[in-house]
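Got chain Z sorted already, so can you dock chain E onto it with the hints?
For the protein sequence lines, the chains are Z and E, in the order given.
Numbers given in this note's numbering equal positions in the first sequence, counted from 1, plus 400.
Numbers given in this note's numbering equal positions in the second sequence, counted from 1, plus 400.
There may be inaccurate statements among the hints.
Pairs involving identical chains hold if they fit within one copy or between any two copies, as the list cannot separate such chains.
Subject to a maximum C-alpha distance of 25 Å in a straight line, what follows is the list of computed SDA-like cross-link-like pairs (lysine to any residue) [unchecked claim]:
(1) Lys-484 / Gly-428
(2) Lys-437 / Leu-427
(3) Lys-634 / Gly-553
(4) Lys-496 / Leu-412
(5) Lys-484 / Val-687
If you're looking for bench data, these hints aren't it; they were derived computationally from the structure.
There are 2 protein chains.
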Amino acid sequence: MSSSSPSGEDRLIARFFGPIATDPGALGLTDDAAFIKPPPGTEMVLKTDAIVGGIHFFPEDPADAVAQKALRVNLSDLAAKGAKPLGFLVSLALPKEIDEAWLAAFASGLREDAATYKCPLFGGDTVRSPGPVMVSVATFGSVPEGRMVKRAGARAGDHVFVTGSIGDAALGLRLRQGASWPLDDKQREHLLSRYLLPRPRNALAQAVLDYASASMDVSDGLAGDLAKLARVSKVAAEIEVARVPLSDAAQAAIAHDAALLETALTGGDDFEILCTVPPANIDRFRVATMMARTAIADIGVIGEGEGAVFRNRDGAAMTFAHASFSHF
Amino acid sequence: MSSSSPSGEDRLIARFFGPIATDPGALGLTDDAAFIKPPPGTEMVLKTDAIVGGIHFFPEDPADAVAQKALRVNLSDLAAKGAKPLGFLVSLALPKEIDEAWLAAFASGLREDAATYKCPLFGGDTVRSPGPVMVSVATFGSVPEGRMVKRAGARAGDHVFVTGSIGDAALGLRLRQGASWPLDDKQREHLLSRYLLPRPRNALAQAVLDYASASMDVSDGLAGDLAKLARVSKVAAEIEVARVPLSDAAQAAIAHDAALLETALTGGDDFEILCTVPPANIDRFRVATMMARTAIADIGVIGEGEGAVFRNRDGAAMTFAHASFSHF
Numbered sequence: 401m402s403s404s405s406p407s408g409e410d411r412l413i414a415r416f417f418g419p420i421a422t423d424p425g426a427l428g429l430t431d432d433a434a435f436i437k438p439p440p441g442t443e444m445v446l447k448t449d450a451i452v453g454g455i456h457f458f459p460e461d462p463a464d465a466v467a468q469k470a471l472r473v474n475l476s477d478l479a480a481k482g483a484k485p486l487g488f489l490v491s492l493a494l495p496k497e498i499d500e501a502w503l504a505a506f507a508s509g510l511r512e513d514a515a516t517y518k519c520p521l522f523g524g525d526t527v528r529s530p531g532p533v534m535v536s537v538a539t540f541g542s543v544p545e546g547r548m549v550k551r552a553g554a555r556a557g558d559h560v561f562v563t564g565s566i567g568d569a570a571l572g573l574r575l576r577q578g579a580s581w582p583l584d585d586k587q588r589e590h591l592l593s594r595y596l597l598p599r600p601r602n603a604l605a606q607a608v609l610d611y612a613s614a615s616m617d618v619s620d621g622l623a624g625d626l627a628k629l630a631r632v633s634k635v636a637a638e639i640e641v642a643r644v645p646l647s648d649a650a651q652a653a654i655a656h657d658a659a660l661l662e663t664a665l666t667g668g669d670d671f672e673i674l675c676t677v678p679p680a681n682i683d684r685f686r687v688a689t690m691m692a693r694t695a696i697a698d699i700g701v702i703g704e705g706e707g708a709v710f711r712n713r714d715g716a717a718m719t720f721a722h723a724s725f726s727h728f
Numbered sequence: 401m402s403s404s405s406p407s408g409e410d411r412l413i414a415r416f417f418g419p420i421a422t423d424p425g426a427l428g429l430t431d432d433a434a435f436i437k438p439p440p441g442t443e444m445v446l447k448t449d450a451i452v453g454g455i456h457f458f459p460e461d462p463a464d465a466v467a468q469k470a471l472r473v474n475l476s477d478l479a480a481k482g483a484k485p486l487g488f489l490v491s492l493a494l495p496k497e498i499d500e501a502w503l504a505a506f507a508s509g510l511r512e513d514a515a516t517y518k519c520p521l522f523g524g525d526t527v528r529s530p531g532p533v534m535v536s537v538a539t540f541g542s543v544p545e546g547r548m549v550k551r552a553g554a555r556a557g558d559h560v561f562v563t564g565s566i567g568d569a570a571l572g573l574r575l576r577q578g579a580s581w582p583l584d585d586k587q588r589e590h591l592l593s594r595y596l597l598p599r600p601r602n603a604l605a606q607a608v609l610d611y612a613s614a615s616m617d618v619s620d621g622l623a624g625d626l627a628k629l630a631r632v633s634k635v636a637a638e639i640e641v642a643r644v645p646l647s648d649a650a651q652a653a654i655a656h657d658a659a660l661l662e663t664a665l666t667g668g669d670d671f672e673i674l675c676t677v678p679p680a681n682i683d684r685f686r687v688a689t690m691m692a693r694t695a696i697a698d699i700g701v702i703g704e705g706e707g708a709v710f711r712n713r714d715g716a717a718m719t720f721a722h723a724s725f726s727h728f
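Okay, chain Z solo, but in the shape it has when bound (with noise of 0.2 Å):
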């Protein structure tokens, strides 16, 4: 970390953050800059994400959680790809409430979820700023040469699959919020966690690479993120909504109110990945899914044309009224 109080910074930096920075690539955080050789025959995996408090977070949530969310929101994007951790960097800007416990909460977070994602922290920038926290990680993974799976290569006949379950956490962001649903305090508790804290399918991430033939994480909604990998795959996706997997939480939420199936499908922040697999995948896909202890559900196939359509028990395309989340 460079630029901005050194005195102070630096010795903040070497206390809090130089534990994370493992690889010897990252000089113990000490240079202006790292160096990575990525493993011979893979290419470089590149993704930034950025969140703010207030927009992303709320400003009282842990310290450690919203570092831990940071880095997890970019980590699901490489498992989406396809790709395995390779390292991070953070931009972090603080206002100057801030004190030494939050910083120390921070890194602690930051630090567990390196150890867990096998990410080690290859450099960063503290910034004081009149604004909220800001947290913006750059990741890097590793695919091998030429096979990062994209968003665009989902072909008719393709199956659709999503990991995980839908929802979630849109449901606990309009809990956190102030709804009041009649949920008991496991429920309740599962989708207020997942607001607070993505859990990123890297466990899927090889799996995905052999087997998918398109792939993104669901970071904007279901319906809105579908229709993206739609269109730039240049094909039509049709789901059935009954096979979108929901949690027990998020099912008893929607059979107290059902406009809030709405939110489960078009909310944000879910962090599952959503790809097709060709026929001929599929059942070795499982397997993998398996193996990898990571729950998959087929919801609907991939054909001819455009558009993404959820369609009801009776048949019927579900219309919405705001496709994606937005932040702006």
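Same frame as chain Z, but now just chain E:
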């Protein structure tokens, strides 16, 4: 660019940022991520630096200059490490007041520099923020394997070189803040422009790679940055202040107020290269700098010991109130 406002954002990104994403690996910014293969025999150099409105630039600065400053502070690090730019990622936090005209100017500045420095865009993220504009850039460059020029590496007997001129940006900032010195229009304009827009020394990267024993860019002030280089190299640096290159404008300001010499030597935002060169390499280094049309000055020597000493004409060591500029 993913996340947030797919409808509005995707449209703006395609229009403004798509043309900067000229590398095939950027997939025209239509995917979640990009890919890149470093040239054979090279490794990648990684760096991230962020700038914040009201801290690193003035909110009223032209948007194209803001974009260029954000990219150039990062390019400056690549240059100092002897690395050739390969590309960059950008994270952009925008307050509501920012309109399409601002964004168009921002993208136009970025596009110009991406072409000038051969450093195309590989992806990014645009988020809404209740705070000021923040631009976080992550750059990646290439160096022959194992040869990134580090801060550590200076040895007793090496000469200390610095490019261009020192202190202009710090004095320019003082002018922006209302300082009034007897300067002519050209001198004033020179200092102001050096604060507004860094001129990174990427033309010198190859010479640094070939001949320097240690190198860094001067971003937090010559005095403080040299002290850092000396510390990690475990050597002492001895500088003759009279040999530190000052522009006409800086000389005029200092002639008016001698205390501004300290501002020049310790102020930030120079974005010059500070490097050490072993005696055996000096002649070839000088020739290479001439070929690169980059002014350099031999400002002192490395010796045994520790710390960085700045000696004035009578040989006395200067003491600085603040060894280095801090935004905190």
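Results of checking the hints against the structure:
1. Lys-484 / Gly-428: The answer is both: 22 Å in one copy and 23 Å across copies each meet 25 Å.
2. Lys-437 / Leu-427: Both ways: Lys-437 and Leu-427 sit 14 Å apart in one copy and 23 Å across, limit 25 Å.
3. Lys-634 / Gly-553: within (9 Å within a copy, 54 Å between copies)
4. Lys-496 / Leu-412: Within. Shortest intra-copy distance 15 Å satisfies the 25 Å Cα cut-off; inter-copy 33 Å does not.
5. Lys-484 / Val-687: within (20 Å within a copy, 44 Å between copies)
The structure fails none of the hints (numbered hints given earlier).
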